[in-house]
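Protein chains: 2
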Amino acid sequence: MDYFAIMGHGVVGSGVSELFYKQRTQIEARIGRPMELKYILDRRELEGELSSKLTHRFEDILEDQQVGYVVECMGGIDPAYDYTRRLLEAGKSVITSNKELVAQKGTELLAIARKRHVNYLFEASVGGGIPVIHPLYQCIGFNQIDEIAGILNGTSNYILTRMFRDGMSLDTALKMAQDLGYAEQDPSADIDGADARRKISILGGVAFGRHIDAEAVHTEGIRAITSADVALAEAGGYAIKLIGRVKRQGDRVLAAVSPALIKKESPLANVDDVYNAILVRGADIGDVMFYGRGAGKLPTGSAIIADLIDAARATDTLTTHHWQASPPDYLIPASEEKIQLFVRVNGGGPRAVENVFGHVEFIHGGKNGEELAFITGPDTDARLQAVVALSNTMKIQVQSAIRLLPY
Amino acid sequence: MDYFAIMGHGVVGSGVSELFYKQRTQIEARIGRPMELKYILDRRELEGELSSKLTHRFEDILEDQQVGYVVECMGGIDPAYDYTRRLLEAGKSVITSNKELVAQKGTELLAIARKRHVNYLFEASVGGGIPVIHPLYQCIGFNQIDEIAGILNGTSNYILTRMFRDGMSLDTALKMAQDLGYAEQDPSADIDGADARRKISILGGVAFGRHIDAEAVHTEGIRAITSADVALAEAGGYAIKLIGRVKRQGDRVLAAVSPALIKKESPLANVDDVYNAILVRGADIGDVMFYGRGAGKLPTGSAIIADLIDAARATDTLTTHHWQASPPDYLIPASEEKIQLFVRVNGGGPRAVENVFGHVEFIHGGKNGEELAFITGPDTDARLQAVVALSNTMKIQVQSAIRLLPY
Numbered sequence: 000m001d002y003f004a005i006m007g008h009g010v011v012g013s014g015v016s017e018l019f020y021k022q023r024t025q026i027e028a029r030i031g032r033p034m035e036l037k038y039i040l041d042r043r044e045l046e047g048e049l050s051s052k053l054t055h056r057f058e059d060i061l062e063d064q065q066v067g068y069v070v071e072c073m074g075g076i077d078p079a080y081d082y083t084r085r086l087l088e089a090g091k092s093v094i095t096s097n098k099e100l101v102a103q104k105g106t107e108l109l110a111i112a113r114k115r116h117v118n119y120l121f122e123a124s125v126g127g128g129i130p131v132i133h134p135l136y137q138c139i140g141f142n143q144i145d146e147i148a149g150i151l152n153g154t155s156n157y158i159l160t161r162m163f164r165d166g167m168s169l170d171t172a173l174k175m176a177q178d179l180g181y182a183e184q185d186p187s188a189d190i191d192g193a194d195a196r197r198k199i200s201i202l203g204g205v206a207f208g209r210h211i212d213a214e215a216v217h218t219e220g221i222r223a224i225t226s227a228d229v230a231l232a233e234a235g236g237y238a239i240k241l242i243g244r245v246k247r248q249g250d251r252v253l254a255a256v257s258p259a260l261i262k263k264e265s266p267l268a269n270v271d272d273v274y275n276a277i278l279v280r281g282a283d284i285g286d287v288m289f290y291g292r293g294a295g296k297l298p299t300g301s302a303i304i305a306d307l308i309d310a311a312r313a314t315d316t317l318t319t320h321h322w323q324a325s326p327p328d329y330l331i332p333a334s335e336e337k338i339q340l341f342v343r344v345n346g347g348g349p350r351a352v353e354n355v356f357g358h359v360e361f362i363h364g365g366k367n368g369e370e371l372a373f374i375t376g377p378d379t380d381a382r383l384q385a386v387v388a389l390s391n392t393m394k395i396q397v398q399s400a401i402r403l404l405p406y
Numbered sequence: 000m001d002y003f004a005i006m007g008h009g010v011v012g013s014g015v016s017e018l019f020y021k022q023r024t025q026i027e028a029r030i031g032r033p034m035e036l037k038y039i040l041d042r043r044e045l046e047g048e049l050s051s052k053l054t055h056r057f058e059d060i061l062e063d064q065q066v067g068y069v070v071e072c073m074g075g076i077d078p079a080y081d082y083t084r085r086l087l088e089a090g091k092s093v094i095t096s097n098k099e100l101v102a103q104k105g106t107e108l109l110a111i112a113r114k115r116h117v118n119y120l121f122e123a124s125v126g127g128g129i130p131v132i133h134p135l136y137q138c139i140g141f142n143q144i145d146e147i148a149g150i151l152n153g154t155s156n157y158i159l160t161r162m163f164r165d166g167m168s169l170d171t172a173l174k175m176a177q178d179l180g181y182a183e184q185d186p187s188a189d190i191d192g193a194d195a196r197r198k199i200s201i202l203g204g205v206a207f208g209r210h211i212d213a214e215a216v217h218t219e220g221i222r223a224i225t226s227a228d229v230a231l232a233e234a235g236g237y238a239i240k241l242i243g244r245v246k247r248q249g250d251r252v253l254a255a256v257s258p259a260l261i262k263k264e265s266p267l268a269n270v271d272d273v274y275n276a277i278l279v280r281g282a283d284i285g286d287v288m289f290y291g292r293g294a295g296k297l298p299t300g301s302a303i304i305a306d307l308i309d310a311a312r313a314t315d316t317l318t319t320h321h322w323q324a325s326p327p328d329y330l331i332p333a334s335e336e337k338i339q340l341f342v343r344v345n346g347g348g349p350r351a352v353e354n355v356f357g358h359v360e361f362i363h364g365g366k367n368g369e370e371l372a373f374i375t376g377p378d379t380d381a382r383l384q385a386v387v388a389l390s391n392t393m394k395i396q397v398q399s400a401i402r403l404l405p406y
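Chains as they are written, first to last, in numbering that gives the first Met the number 0: chain A, 0 to 406; chain B, 0 to 406.
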């Protein structure tokens, strides 16, 4: 009999225990031997059958030689970081949904796991129930991966979907997401991009083998997106999505989170509501995309149990999860990237616009037919932003400037 | 040093050798030891460096104790079946793209592999470069899977995309697909559904653990789809896709391949051109979808190399690929399924239609505005087909009757 423990029995942790007992026969068949849940670490009390497994002492888990696998669903850095380090050092595999911890301390924790011949696995930290970390490395990782772009935050995607489909304002859509439990009362981590940038840092680490400092990733959220942007994007044949992406250029990578216009024919453009999707672009395999529920108790629980099965079947550290520290100049500044911008303006006709922006592609229409927007030619983000600043000093008031991305 | 061989050096086989040498460092790092290609079995002659590996004798591979892994890209049953059986019996793992062989003889070949503690792997037989067989079992397979629905044939999907996007007739789109090399001169296996039904049989075998007899799967191709169907489906907010699907109902499964109307908001509806996608619906994980290039030399070669890495890393037979024979009444006849039909008619107004079909939802429009189509209420396929037959004896001429599926 093998034993595991769960630390943190909130939404995700309780999803793990529920799914474990529901699918135990299947899970044990895949592991090839019996598995039992021995401890649940939580500050709260538990009711029902699981209450016999409750402990308030981390040391009960750390010191129990029978416990080989620990599921960490506590979230945050403190005390999850300290606990994870000590568990790995003690020769226990750790499985986590804690994206903040993986993004910040992954390099160190993965190195400890490797040294101790155990596993630190984190499928559940990105894309909820979508298998993406495992297939990214295990199935396509030997290929030359050039780029990953994902819709990684379900809350933002829900809000943008309501703005596009139902013509809601951002505030109304956010309120609705909060009422439905898709958004927190303080929605900042979701709609300002911090959640997405942790996830893209993790995906980039897995795909390119080096730590990406999430704090250094260029990050814009969706707060500035207006109904006018939505109407004009739609008129031009585009969706607007919050995209996290990481792109290899030589030995360096560009990583960024920002809202972006995407052609409606793109598979990413049609990922709606709380769904997430991760597009992987390879030199030889072309575009591969993974789609599904980016959050939720049971989908996320499923990702954790998949990792638990992998860890229990492993005879040593899986090579599938490993990245190294990166040199200081590893990240290319987003301002150096060559992009196109969608620009919405007030004042100034087409001729005035082209005098400032050069040749552009105009989008006419939107709901009241009076707004003017256009797509610039490609240039570096820095130069395009300089032109935007310049035009504001002239008769053209730039209301929005949003990246257009080629997916 | 480990050695592998390739049998059949056509499009897929040459993709394997090309990708192997291109990504060899990455591949060997994942395997954890050196790997070399020793033989290429082909009737043709080879030029260049690979010619030194060419053999015309299967026995060279079978009898070489150094060869532990054999990639079979010959296609068809004879002699691939005999060769595969003998290789597995000899204790060599076999990796294949041969969907015909896996669908027909998978149960037996998997049993031999299990008995001999080697692997028979076939990621490349479904969805080209899309990782689907591996994640289906390895990442989400312990969950209760209820249903799989896929766009599994790139040729048909290319033709339907041209009909929808460019207003082409089926014949024109087929001709274009042939000119571009997406369709064979005899396109029957693709557009009449035989290719898709082999793939759905394999997916059903992996997901539900029992052999599905491809020959017994209800199969309709896309030949009957007309521009009028396309116009009216579009007017109603639907796409038409060739869908292969398998659905669990108790201890039995329903498997079918047919064209189907799908709501435009569905992720499957937006899979266009030669792309494939496989939607997996689970009780707890919800909808998960895998998307990518369903064919092509290097994408398919990538799937084979992923399996080669898995086989070389395995210490015994992977439980990930195993299914058993099924009882004789395992397949539920498609005629018993409760569905809705999209029906396009000539003659007879709305009232006459509802006299025969009961309450329906009319779609008006299409290109010339005169055609009439409707969606029936839900009933068994058998009863709906009987009503279609009845209406043809009255003043209503049914031009098309196409399933509407809830994805």
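Careful: at least some of the hints might be erroneous.
If chains are identical, the list can't say which one is meant, so a pair holds when it fits in one copy or spans any two.
Said to hold, decoys possible - Calculated lysine-lysine pairs in the DSSO-like style (CA-CA distance at most 30 Å, straight line): (1) Lys104 x Lys262; (2) Lys21 x Lys246; (3) Lys262 x Lys296; (4) Lys174 x Lys37; (5) Lys296 x Lys21; (6) Lys174 x Lys263; (7) Lys263 x Lys337; (8) Lys21 x Lys262; (9) Lys337 x Lys21; (10) Lys21 x Lys174; (11) Lys174 x Lys104; (12) Lys104 x Lys246; (13) Lys296 x Lys104; (14) Lys174 x Lys262; (15) Lys394 x Lys263; (16) Lys114 x Lys174; (17) Lys52 x Lys21; (18) Lys52 x Lys296; (19) Lys114 x Lys37.
Bear in mind the hints are in silico, worked out from the structure with no lab data behind them. In this text, all values refer to a predicted model and were calculated from it rather than measured experimentally.
Can you name, in rising order, the numbers of the hints this structure does not satisfy? 1, 4, 8, 10, 11, 15, 16
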